[in-house]
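K.L.:
With the hints as a guide, bring the two chains together.
Chain order of the listed sequences is P and W. Quick note: the first sequence uses full-length UniProt numbering, first residue 1, plus one each step. Quick note: the second sequence uses full-length UniProt numbering, first residue 1, plus one each step.
No lab work stands behind these hints, which were simulated from the structure alone. Hints may contain errors.
[Claimed, not checked] Mimicking SDA-like on lysine to any residue, the simulated pairs with C-alpha atoms at most 25 Å apart in a straight line are:
id, chain 1, residue 1, chain 2, residue 2
1, P, K203, W, V263
2, P, K428, W, Q302
3, P, K336, P, I354
4, W, K118, P, L233
5, P, K263, P, N42
6, P, K14, W, T152
7, P, K336, P, R11
8, P, K309, W, K76
9, P, K428, W, R304
10, W, K76, P, D234
11, P, K229, W, T152
12, P, K154, P, K336
13, P, K274, P, E286
14, P, K428, W, T305
15, P, K15, W, R303
16, P, K203, P, S385
17, W, K89, W, M246
18, P, K244, P, K154
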Amino acid sequence: MFLYYVDLAWRSIKKTPILSLLMVLAISVGIGITITTLNVYNMMAFNPAGERAEQLNTVQLWSQGPDSWADYHSQVTYQDVMNLRKGKVANEQAAMFRSGMAVQTDDPQILPSLNGVRVTDSGFFNLFEVPFIYGNSWDKSVDEQAAFQAVIGKKLNQKLFGGENSVGKTIYLNRKPYQVVGVIDDWHPQPKYYDPTSGAFSKAEQIYIPFSLTASEEFSVWGNMSGWKYERLDDYQDRLGSEKVWIQYWVDLPTAEDRQSYKRYLSQYVEQQKELGRFTDGKSPEESAQLSNVDAWLERNHVVPEDNKILLGLSVLFLSVCLVNILGLMLTKFLKRAPEVGVRRAIGASRSQIFSQYMVEVGVIGLFGGLLGLAWAWGALYGLSARFGVAEGLTHLSLSMWVITPAIAVGTAMLAGLYPAWVVCRTKPSVYLKSQ
Amino acid sequence: MLNIKPIVSSLLRSKSGPILLLMQIILSVAIVANASFIINERLTMMQRDSGIAEQEILTFAIYNFDPSIDATLQNKVDQRILRSLPNVKAAASTNMLPLSGSGWSTTLNLGPDPETAKSTPQVAMYMGTEHTLETFGVTLVEGRNFYADEITDDVNSPNILLLITKALADEVWPNESAVGKTLWAGRDVQVTVIGVVDKMQGAWVDSSDLEYSIIQNVDYSGNSYMVRAEPKHHEALQQQILDALMTENPNRVIDNFQSIAVVKENSYRDHELMVTVLSMMVVLLLLITSLGLTGMVMFNIQRRTKQIGTRRALGATKGDILSLFLTENYIICIVGGLIGGVLAVLLGQQLMQHYDLPQLNLIYPVLTVVGMLLVTTVAVILPARKAANISPAMATRSV
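Next up, chain W with everything else stripped away, as it sits in the complex (with noise of 0.2 Å):
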């Protein structure tokens, strides 16, 4: 029914026009293809579950800046008071924010001898008490929580205990409960793992290492303090923690307010902005590309008029022309799908080359190419709708 031949046969004479378009489709398809697969990329990324109660968890700062104080009493009023105010759930110290892009790392060696144990991938750090789980809304899911007896001020405490997430429990002990293992920090320094949570990040959201963290039985003086509650008394809770705070002692600055939500989304914002300006990219390209087949098929049905009506003439029907530009596009689209997917593989290669960027799954030049099909064939049918109007008595007319 589609006489494929004489189609090709005088696409092959008519010299720049097909190739013009031709050229255009592969570009557009190398370039959609590795755009839409780093936004889907980015996107999968900003989507996981990072564990932690985001939208619940209040952070601020405290900097005490009187040199007499006695900061580890302090840090311990301070959470009392936290505890005790309306609305809180639960309130910790801690030496780091999950998402927030800054914070402690370490590893750890499986054996006493760093020279010849294996180590765990790099983890994230926390410094916590038995209030912290709860303030994290983090679910244990083997072993036991600290007790409260348990917690230490000193970070190089000899009883150090951990809490580790499962991602790193399977890591590093695959087949077996992790829950009593020993771990060492240095040649003498020996910790214990005693549970094991379900699911909670590290601080740095472009790390592959993101998953692993630790929990360790440090009542960290630091500055930083989550507060759990919900997200409506966040408001109001954030002045009665100044009014609270600032009574027990003044000589300190309180501020950096805010939800862990907000870290995250600070921390994934230039993610957020590479997805939004690919996007634009995409939708735009596909414009233009659209814009520019109609046009140029626009061109082709004025220079073709009178050979369209002496077909009509002959016994074309109205759908037998608008066929013929149809087909036209689908063989221009197939064929220059078929080189831009090869160069598309080829850029995302170059791409993966010198960036660090996974390789480009197949599937997105194959849904380029198919979404490619579908917006030229839109392109095409207003314009041809039109050339399929022209009556067979514009062939008999002379020009």
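Pulled out of the complex, with its shape left as it was, chain P reads as follows (with noise of 0.2 Å):
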């Protein structure tokens, strides 16, 4: 029966190719500019922790004084980082930031380059699930006891050595000589859930070294460095022991005991901390200190911009006006042929049948609308892409929007049938058959 009513939506659509050509654009235009943003939204919106997204945790600390920042800051200082390393109550836990640095190895061939490059601690290898090809990440001890060592990226590891396994070699960075004891596969999280604040679409960086390495190293801070007050500064050190806040730190608390009692940990912390004349704002130790998963984490951070919230918004609204366009049609369409219905509806056939049969042809009208649509949200993404050179990642029709346009398309497309499909099947067949 269901073929039967797509062969005859079939014929149906042939015999007003005009108006079916009209309600299958609107569609597809609707559907197209909805699933351009949708797909944008999506791809920001993606919490790239999966079911780690609960137990993976950024610390926050109300570290500064009275009549200042009005919000938590999403980045902490040094030395509260090195006081809650110490401290080691989470399952694991990694402090980072971004620096960048010139790249050379012992061949001569190959011209320096400058690279990012992501100080942090061997948690974070384990934290955010990092795929190794060769080696390793460096000893826990490293995080302590300072070590030249790096992991390095398969691309680079590609440049540097061919793509052999690189372990053991050395690699200079500012020319300094660092062993590599790890070379991690191609891995990009989008967003870059680790550290947003650096481009919340950009690449993960490519060289990874150890913490613990600061201070005596002096890397320069490629990241967001915020202070809350005046400190004058007069070297590398001062920073550290300053009140400044450039250094995310992430804690792994797989249950929900684990959080409380960490939140438990960072409140006597703070306690501590008042004694020696910090946290100045009049806060309880409870109060000054938070932790945000990944979920919150993204969105303190704004990862979705406002436009794109706004532009789903206004795109949806769209869809609606294509759905009243199409509504507007298909009741012309259908009340067009009102008395062919009656003819049927005479020869026997039922309401309910007359009802499926215009839900079909809607349905199909819907499909093809969902087709066209998912081809203009391609060419549009694809335009956007090369025009503003918007990262990759954003732009690509994600595998799920195969699913859901056409299911969109057909559901709009169905809602609308609705009202126009309920008109003619309550066609009286003695009105038509009257007339002729």
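P.N.:
Quick look at the structure:
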């Protein structure tokens, strides 16, 4: 029966090609716009941590003085990080910031190149489940006893060592020798959730080195550094002892109890610091520290820009205009065929049969509209990425869209078709039989 | 002349068609008004004058990676080399690039005690020398530029002098000259304003404090350099700069050559994207609405062929028939426009509440309704001309 209705629908569409084309166009344009914005929004709002989203947390501390910042800053000070790292209360932890250095090898053929570098702890690789091809992270002991070791990315390994197992080889960062201990696979979480503060959709760094080297090597900071009061900083050591915030601090807390006890630990820590004369804004210790899981962290760093939310909202409204439009066209078309329906009813078709026949026709039109809309969306995304250099990760038409789009299109069309189909199935056979 | 009453009563009696059209117009007005408002807001934003010679400034980064280098000395040598290159009008090192979205910012206090003193808004904090004004291409409107012997290498020097923008001067000292005034960075850190420049934007294009900038008399040895030259020389200059600086000291990476115009374009890219997508939406929406309208009118004409023929037979002119359809359309458009206008304002309020958008200017719904009237007129006239051509004989013919 269904296939028979599809056949009927196809004949009906062929009978009124222009009206049908108009309907398909209207749906496709609405779907095209909606899917384009929805796709970008989905990519931006994606949480790459998956099921670990709850257990991965960043730490924020209300270390600012009175009448300064009105909210937590995403990042924390060096002194707080060093104190919390010593505590080792969390299952796994990693402090980190972005830096950059010139990279060389023993091969003079390879020209020095400037690379983004992530300065972090060994816990980083476990926290974010970074896949290794060769070797492994540096040992946990290196997080306390600094050593010149590095983990590099697959791409850099290809460039420097032709892609072979480079564990044990030496690279020079700002002319200092570092021993390669591991090579990671291509790994670029989008959004770059471990540190969205320096470009939420930029690629992951190709070099990782121990955070414990920071104090002696005085790595430059290629990220945001903020202060809430004037502090005279004559050298790097001043910065390390200052109230400036510039480091992200992640902890792994698998269960709710872990998170509870970690919050208690943070309160105790703040209390100690208050006795030392820090944390001077009159908040209680409980209110001076918070944990943000991955969702909260992405929200806090405005990974999805407001503009995209506005666009998504407007495009849903746009789709509703298309829906009303199709409704009108459909009504026109169905009423035109009322005489035919009259005859069918007279011959014995039931109302529900007429109704389902027309719903199938509407669905077919919706499907065509959806497919065309998908093509529009693909074209629009392609055009946008070519014209505006939008991050690659955002303009891929995601796989789920291939299912979602036709579903939305058919759904929209059937919603719009409900009323016209209902009107037409109530046609009284007598009216039309009489005049003929 | 326009027989509105019978038209209205006939509209009221035909059930779904006009209501659908009305809904469509209401929604379209609400969307188009808000979208064009946002488009205009962004375009205005993008057209602001930065005060800086965007096209002429070529910027690049020098990254010295030899730990034994004397950065202060190298910085001076490099700048001297840059100024000696052909076609270079001016060159300077800087701690940040204008309009780039990253850099230094601070607030300064109007008194020594940070607890009680009023403070300035957030200002972009440039570090520069006596060459910086010329490199930026900004004009001094009051006071003087730095003298060469006033330039220090130390960010924490006790003798900091300031050049500030007129916008900042007017904000902090509304009715008096800013030159000679003192500001405080910390309790004991005083800085003196020696000059005011006309216009010089900071780094963050989305900030409301974009017009507030200062230049301090510090020859900053960081990574960023600016060279001012005619745009046609930029390509050749790039190679000359690379050659000259790499010969001087090979232990470095020099890259990221781009003009401030390009930097600016990148910073405004998201707004440009927003403008493009919204414009697309507006055009498509108008198109869809008018296509729908045309379809509906065509259907109406077919249904009312006999009626129109009768009217023609009774003495209605072609113009009368045209104006019948147009009046019908205008009634729906104006009612839809009114309701749509209210909806647009409500939507604008929602947007303003949840997002960082200013209040919707009422001119936008009004303009949208006017635009809608124009577009729909075309959409109605095309099929209605056909209706007007229906011959009176149609009425006498049986079905």
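K.L.:
It remains to establish, for every hint, whether it holds in the given structure.
P.N.:
Verification of the hints:
no.	hint	verdict
1	P:K203 - W:V263	holds, 20 Å
2	P:K428 - W:Q302	holds, 21 Å
3	P:K336 - P:I354	holds, 15 Å
4	W:K118 - P:L233	holds, 24 Å
5	P:K263 - P:N42	violated, 32 Å
6	P:K14 - W:T152	violated, 81 Å
7	P:K336 - P:R11	holds, 15 Å
8	P:K309 - W:K76	violated, 48 Å
9	P:K428 - W:R304	holds, 21 Å
10	W:K76 - P:D234	holds, 20 Å
11	P:K229 - W:T152	holds, 24 Å
12	P:K154 - P:K336	violated, 65 Å
13	P:K274 - P:E286	holds, 12 Å
14	P:K428 - W:T305	holds, 23 Å
15	P:K15 - W:R303	holds, 18 Å
16	P:K203 - P:S385	holds, 16 Å
17	W:K89 - W:M246	holds, 21 Å
18	P:K244 - P:K154	violated, 34 Å
Of the hints listed earlier, those the structure fails to meet are numbers 5, 6, 8, 12 and 18, in rising order.
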